[in-house]
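Produce the complete structure using the sequences and hints provided.
Here's the letter readout for the chains.
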Amino acid sequence: MPGEVWVYAECRDGRLMDVSIELLGGGRRLADKAKASLASIILTDNVGSLANELISYGADKVYVVEHPLLKTYQSDLYTDALSEAVSKYNPEILLIGATSIGMDLAPRVAARLKTGLSAHVVGLDIDEHGILKQVVPGFGGGVMAVVTCPKARPQMATVRPGVLPKPEKTDRRGEIIAVDVKISEDRIKAKTLKIIEEKPLGKPLEEAEIVVGVGLGGCKPDTFNLIKELAETLGAAIGGTRPAVDEGYITENQMIGQSGKTVRPKIHIALGASGAMQYMVGVMDSKTIVAVNKDPNAPIFKMCDIGIVGDLNDVLPILIEEIKQLRKT
Amino acid sequence: MNIIVCIKQVPDPREFSKITIDPVRKTIVREGIQAVINPLDRHALEEALRIREKYGGKVTVVSMGPPQALEACKEALAFGADEAVLLCDKLLAGSDTLATAYALSKAIRRLKPYNLILCGNETVDGSTGQVPPQLAEFLELPHVTRVRRIELVDDGKAIVESVLEHGCRVVEVKLPAVLAVVKEINTPRILSVFGIVAAASKKIIQWSVSDIEADIGMIGLEGSPTRVTDVFTPEIKRRCEIFKGPVEDAVKQAVRRLREIGAF
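Note that the protein sequences, when read in sequence, are chains A and B. At position 107 of the first sequence the residue is numbered 107 (our numbering), and the sequence of numbers has no breaks. Our numbering runs 1000 ahead of the 1-based position in the second sequence.
Worth flagging that the hints you see were computed from the coordinates, not collected in a lab. All C-beta atoms, glycine included, are put in the ideal place defined by N, C-alpha and C. A couple of the hints might just be wrong.
[Claimed, not checked] Pairs of lysine-lysine, DSS-like flavour, derived with a Cα cap of 27 angstroms:
#, chain 1, residue 1, chain 2, residue 2
1, A, Lys194, B, Lys1183
2, B, Lys1252, A, Lys228
3, A, Lys294, B, Lys1252
4, A, Lys220, B, Lys1252
5, A, Lys266, B, Lys1252
6, A, Lys114, B, Lys1174
7, B, Lys1112, A, Lys114
8, B, Lys1112, A, Lys189
9, B, Lys1157, A, Lys194
10, A, Lys151, B, Lys1090
11, B, Lys1174, A, Lys189
12, B, Lys1244, A, Lys266
13, B, Lys1252, A, Lys287
14, B, Lys1157, A, Lys191
15, B, Lys1244, A, Lys294
16, B, Lys1174, A, Lys194
[To be verified] Chain B is nowhere near these chain A residues, computed Cβ spacing over 12 angstroms in every case:
#, residue
17, Asn46
18, Gly48
19, Asn52
20, Glu128
21, Lys169
22, Thr170
23, Val181
24, Asp222
25, Lys228
Put into structure tokens, the structure is as follows:
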């Protein structure tokens, strides 16, 4: 392939986002297959050691745009800088994490470059002609489509956090290139004034080894208390379905699925979730899926490893007791 | 305040489980599924109506779609929009987000002057969320996505909150701007009989590609850089060992099995 594979390195508060690191792993695989080099581009006010970190995760080159005005995300300036850098170096592929910021930035850059962009990609491959095959979910995750961008360049995709495994750091060398692009304050029309942090409760879903998922069937006060007890016994994080969010039992931040998070824990325990695709796409990379549902015909029983048919109020006390026994031995 | 609201007619998400794929033609079959206004677009419309109620002005709905999308326009008028424009032309078929954003921008340019353009952050069918920022790029206006709060400072400026993974970004944005809203922004009103009656006397303007003077090379399939090369239903293959019967036995068996397979 003539051009490079680029990964946009998103950083917040001087730290790389996990999805950018995941993309370096995925980008490395694509670049190797296409015999191209892998580069990362970072926009920041102070690059510090981040460029070397990107290299250690697999980048051959790091393009650095450093400017005091790039301290926090500004859609106008970031669009200007990223578009100009792309026009200068003409990469074949540009991958961006499908974070809130990535999804604000990528479409605008694609429109400026008049190129194709696919969203919330869950699978990536490259063919012998260097065409990127991007798997995207549609209709709530019930349908998958393969999208390509045959002519326009770069081929752009935003990739869902959590779908690609994080690569290991290795001791490797790479090239760091300072990129000079035009950044001027008077271009700012939508100005980020500040970022307000709202700390999530408990363990972050994405990092938990065991994730308990609450479905509509778990949305009763007594049942939910049992679910919390189970999660505590297991040291698990609690997530759940869109209906569980709507019912007010979990927050938007705990939502798993097509419109929420992707988790890949060792064990996922779905409690009272029917198994709608919209939910399942967010848990399908779990090592083991356990489901409890009182409806023996619930679709989830066709998509789990171990299923228990029964009412949560009956099943959970026994399950909690069994696990406590196991932990003792 | 003149406000433009972009809406899209989509298959009812409550009926998504009925969607199938024609394995030969590789197309999505959505027959018999009711069409509705994209849920987040109703939040965008609601926000526009609330702003108009507070500051006065006019709310114009713009949609691009097949002739059936007239229903979505009518419904928007019944909710309280003043006017609706349906951009409808066979030449627009096959448009991806870039071509759609371009076509919408050409239609919206004809509706000047306006202070604000509101969209739902994404639609439930493709859920790319790409059209609002791309529309803003074609209109050379600023944009903010994932907006959960809009505070108008004056005719020329708004302070908005954009939802992040853990918190929000507070943005001061010059108007006109394209703002893409999320559901936390408001609770949409329900249709009233009065609204339905009032809608009957409101106007729906239908425009074709020639009305908006769009460049034919930038719309439809030709104007779309992306191609869908395959569609399929995701398959999740697991061992599916199901335990039922007396609860205590079922749970104990399941836990034993989980130990055997090394999960616990």
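Query - Whether lysine 228 of chain A stays farther than 12 angstroms from all C-beta atoms of chain B, as the label says - result: The assertion about lysine 228 of chain A holds, with a minimum of 18 angstroms to chain B.
**Report entry** Least C-beta distance between asparagine 52 of chain A and chain B, which was stated to exceed 12 angstroms
**Finding:** Check passes; 26 angstroms lies beyond 12 angstroms.
Query - Minimum Cβ distance from glycine 48 of chain A to chain B greater than 12 angstroms, as the annotation requires - result: Given that every Cβ of chain B is farther than 12 angstroms from that of glycine 48 of chain A, nearest at about 22 angstroms, it holds.
Query - Straight-line alpha-carbon gap lysine 1244 of chain B to lysine 294 of chain A, limit 27 angstroms - result: Status holds; Cα separation ~10 angstroms.
Query raised in the report: Regarding the pair lysine 1244 of chain B and lysine 266 of chain A, is the alpha-carbon distance no greater than 27 angstroms?
Result: Since the Cα atoms of lysine 1244 of chain B and lysine 266 of chain A sit roughly 24 angstroms apart, the hinted pair holds (cutoff 27 angstroms).
Requested in this report: Starting from lysine 1112 of chain B, check that the Cα of lysine 189 of chain A is at most 27 angstroms away, please.
Outcome: Holds, because 19 angstroms separates the two Cα atoms, which is no more than 27 angstroms.
Query - Reported absence of lysine 169 of chain A from the contact zone with chain B (all CB gaps over 12 angstroms) - result: holds, 23 angstroms
Query raised in the report: Between lysine 1112 of chain B and lysine 114 of chain A, is the straight-line Cα distance small enough, at 27 angstroms or below?
Result: holds, 25 angstroms
Requested in this report: Find the nearest Cβ of chain B to the Cβ of glutamate 128 of chain A and say whether that gap is larger than 12 angstroms.
Outcome: holds, 15 angstroms
**Report entry** Hint consistency between lysine 220 of chain A and lysine 1252 of chain B [alpha-carbon to alpha-carbon, up to 27 angstroms]
**Finding:** Holds: lysine 220 of chain A and lysine 1252 of chain B sit about 25 angstroms apart, inside 27 angstroms.
Query raised in the report: Does lysine 1252 of chain B lie within 27 angstroms of lysine 266 of chain A when you go C-alpha to C-alpha?
Result: Holds, at about 20 angstroms.
**Report entry** Given hint lysine 1183 of chain B paired with lysine 194 of chain A - CA-CA distance at most 27 angstroms
**Finding:** holds, 22 angstroms
This entry satisfies every hint, going by the numbered hints stated previously.
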